[in-house]
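**Student:** Please model the entire structure based on the sequences and the hints provided.
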Amino acid sequence: MIPDLKKITDRITQNEIWRSIFRHGYEDTARNRVLQIISNIWLHIHPSTVKKDSVRLSYTFCLGGLTFFIFLFETLTGILLMFYYTPDVNRAYADMLDLSNNAVPFGKLLRNTHRWAGHAMVITVCFHMLRVFLTGSYKVPRQFNWVVGVVLLVLTLLLSFTGYLLPWDQLGYWAITVGTNMAGATPILGYQGPFADLFGFTIDNDIRFGLLGGTSIQAPALLRAYVWHCIALPSLAGALMMLHFWRIRKDGFSGRL
Amino acid sequence: MRGPQSTRPPSEEGGPFVWYANCLLFVLDRHQASRKYDVLYGERDDMERAESGAIKEEEVSAGGIWTSRRSFFTLAGWALFLSTMGAYLWKLLSTTGFFFPRVLYEPSKKFLVGYPTDFPDHTVITLKARRVFVVREGNTFQAISMICQHLGCAVHWSEEKGIFECPCHGSKYYKDGVNFAGPAPRPLFHFQMNVSDDGKLIVDTSQVVELETKLLI
Amino acid sequence: MSAEVGTVEARPTKQATPEKIHTWPHLVAKEFLCALLFIVFIFFYSYYVDAPLRELANPGEPENPAKAPWYFLGLQEELVYFDPWYAGVVLPSLIILGLMFIPYIDINPRGSGYYTFRERKFAVTIFSFGFLLWYVLILIGVYCRGPFWAWFWPWEQWTLAFPTPPPLWSFPAPLGVLVLLAYFGAGMVLPAYRWRDFYNRLGRVRYSITMMLLLLMVGTILKIGLRLGFNIKYVLMTPWFNI
Numbered sequence: 001m002i003p004d005l006k007k008i009t010d011r012i013t014q015n016e017i018w019r020s021i022f023r024h025g026y027e028d029t030a031r032n033r034v035l036q037i038i039s040n041i042w043l044h045i046h047p048s049t050v051k052k053d054s055v056r057l058s059y060t061f062c063l064g065g066l067t068f069f070i071f072l073f074e075t076l077t078g079i080l081l082m083f084y085y086t087p088d089v090n091r092a093y094a095d096m097l098d099l100s101n102n103a104v105p106f107g108k109l110l111r112n113t114h115r116w117a118g119h120a121m122v123i124t125v126c127f128h129m130l131r132v133f134l135t136g137s138y139k140v141p142r143q144f145n146w147v148v149g150v151v152l153l154v155l156t157l158l159l160s161f162t163g164y165l166l167p168w169d170q171l172g173y174w175a176i177t178v179g180t181n182m183a184g185a186t187p188i189l190g191y192q193g194p195f196a197d198l199f200g201f202t203i204d205n206d207i208r209f210g211l212l213g214g215t216s217i218q219a220p221a222l223l224r225a226y227v228w229h230c231i232a233l234p235s236l237a238g239a240l241m242m243l244h245f246w247r248i249r250k251d252g253f254s255g256r257l
Numbered sequence: 001m002r003g004p005q006s007t008r009p010p011s012e013e014g015g016p017f018v019w020y021a022n023c024l025l026f027v028l029d030r031h032q033a034s035r036k037y038d039v040l041y042g043e044r045d046d047m048e049r050a051e052s053g054a055i056k057e058e059e060v061s062a063g064g065i066w067t068s069r070r071s072f073f074t075l076a077g078w079a080l081f082l083s084t085m086g087a088y089l090w091k092l093l094s095t096t097g098f099f100f101p102r103v104l105y106e107p108s109k110k111f112l113v114g115y116p117t118d119f120p121d122h123t124v125i126t127l128k129a130r131r132v133f134v135v136r137e138g139n140t141f142q143a144i145s146m147i148c149q150h151l152g153c154a155v156h157w158s159e160e161k162g163i164f165e166c167p168c169h170g171s172k173y174y175k176d177g178v179n180f181a182g183p184a185p186r187p188l189f190h191f192q193m194n195v196s197d198d199g200k201l202i203v204d205t206s207q208v209v210e211l212e213t214k215l216l217i
Numbered sequence: 001m002s003a004e005v006g007t008v009e010a011r012p013t014k015q016a017t018p019e020k021i022h023t024w025p026h027l028v029a030k031e032f033l034c035a036l037l038f039i040v041f042i043f044f045y046s047y048y049v050d051a052p053l054r055e056l057a058n059p060g061e062p063e064n065p066a067k068a069p070w071y072f073l074g075l076q077e078e079l080v081y082f083d084p085w086y087a088g089v090v091l092p093s094l095i096i097l098g099l100m101f102i103p104y105i106d107i108n109p110r111g112s113g114y115y116t117f118r119e120r121k122f123a124v125t126i127f128s129f130g131f132l133l134w135y136v137l138i139l140i141g142v143y144c145r146g147p148f149w150a151w152f153w154p155w156e157q158w159t160l161a162f163p164t165p166p167p168l169w170s171f172p173a174p175l176g177v178l179v180l181l182a183y184f185g186a187g188m189v190l191p192a193y194r195w196r197d198f199y200n201r202l203g204r205v206r207y208s209i210t211m212m213l214l215l216l217m218v219g220t221i222l223k224i225g226l227r228l229g230f231n232i233k234y235v236l237m238t239p240w241f242n243i
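Protein chains in written order, with the working numbering: chain A, 1 to 257; chain B, 1 to 217; chain C, 1 to 243.
These aren't lab readings, by the way, just hints derived from the structure by calculation. Glycine residues also receive a C-beta, built at the ideal position from the N, C-alpha and C atoms.
Examples of chain A residues lying across from chain B (beta carbon under 8 Å, computed):
(1) Thr177
(2) Val178
(3) Asn181
(4) Gly213
(5) Gly214
(6) Thr215
(7) Ser216
**Tutor:** Structure below.
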């Protein structure tokens, strides 16, 4: 006996439970195309129709969307890595070796993709900025959204930078040494910066000390980098992304009128 | 204005099918493109009613919600609120605030480095774990910091050239710690040296001394 | 940043109402495809290229050379020519602030929403130049810097036997003040006279911000030139800070 496919699908979809979850049909009609967007919380980030010129691939190169996607990808791989990583100076490097040697299932792939996707995000975010500049998309009324975008660029760099210390290897250790000593050279606020002595800033109360949680890079610095990298900065970036997208939604996509 | 003109939300009018149909109508109506979203959710209606004066004046207080006839108390309230928030923020971020630990668990700044005879004459001995160089010239000793004055990398003693070099940005220092090339802004730190009761050398990295200071044994 | 601010007249539009398409499936499909391609790319790349992991952190023995992550190598390259407070803090802050100012100082109404060079030559030139400069510095940092941050071409073998660079010298303080005043004074005033129109359209505030940012960018490059060409350490020396 050949099962009637139509009958089976109807059985599944024509009942109260299914209809309570999926509110519209799947037939490709203009109505369903609209409902697909406006009745879906995730897709509702988009308007239901868009200007044709604004979404040409040769106009956007999908750089903003790609950046957001990489952020989600980094969040996912990052959470998985957190299961096997301890932010402790005696454990961190050993955990890295375990990941690299596949002592953790898929450890090497996870670490590699997380690292390279982080680099990719810096690239896409930079070129997204270039794209927005060259198309003049920051002009009235979108000026402030450009400012939000610049802050997001800085947050992307900071996210990358805080992640750099976590393996506790030579590369990260010295990169963070140099980076935080730059903070120590901030005028007035850093102990080696101009005018610091006039305001009483020394190695154990300046801005660098606040970043490292000590006078040199030791256990507190690793823990701080970890918390900034995994919780504080992603939350901040996420909040600003909402603002960024919401303003795009309100101002409309750029592009020829 | 085309499209449904209703004071009630569209969803209450004729059930879900009519609501869906309305969605479709708006979408197909290109001239209303920018309005359809707002109308759908009643935002545009509210805005228009507010602008056209349909909302009665009592609902909007005379001076706005920020200042009113009781403006002194309004301002005082805001001042109190903002200064409280400011005080908490200051407590959080200032140099005695949350991010500045009160106790440090760091290696001692004062340590023994060995007997004077452990250091051959006319040499620069690198003590990596302590991040200092001990320089001996005859019977004089100096303790020079390994930390580059540029950005805190550990400088390297190049024996054959007789200079200290920083691998990070190429700062160079003479054997006495004075910078002569690269971006370093000042000479390497020289630390206080002493002799303990049993004749061992002590370096105290919390005491920075003049470049000419030497320990004479 | 716009030299060609004209009268505010709308550019003749191609059509009165823009052509619209459904987001689903047209835009969503593109985004989905981009995401998929990215996943494929990153998995292939990660399969063949391992993420770097050096030996355990050793506070007594830096890497030689010790390089920051590539996206900060532009800054690290600047650190060779400037004191850290400028190269590491003030310059990046100015770059960030300058970027934020762009929408407010570029009042050219044309060139919004499409690629064009002809309609906004000044803005596109300056921005592209800055963008390129950043990446050139990164490339130098990644490929041309060897042990002790000495210059090696990518095809050269790294050695430790390179000549010690000659000692640096600085301008005496009065000369430094004079040079800086002359540079910034002339840089702010002369263009306003030469390109009167430009000045008038931007107004005093926008013009000052624009020129200040531009002069700082050019000045940074000039200082690099002075260091490389004439071994000059500081242009201006004061008891508190040096530039």
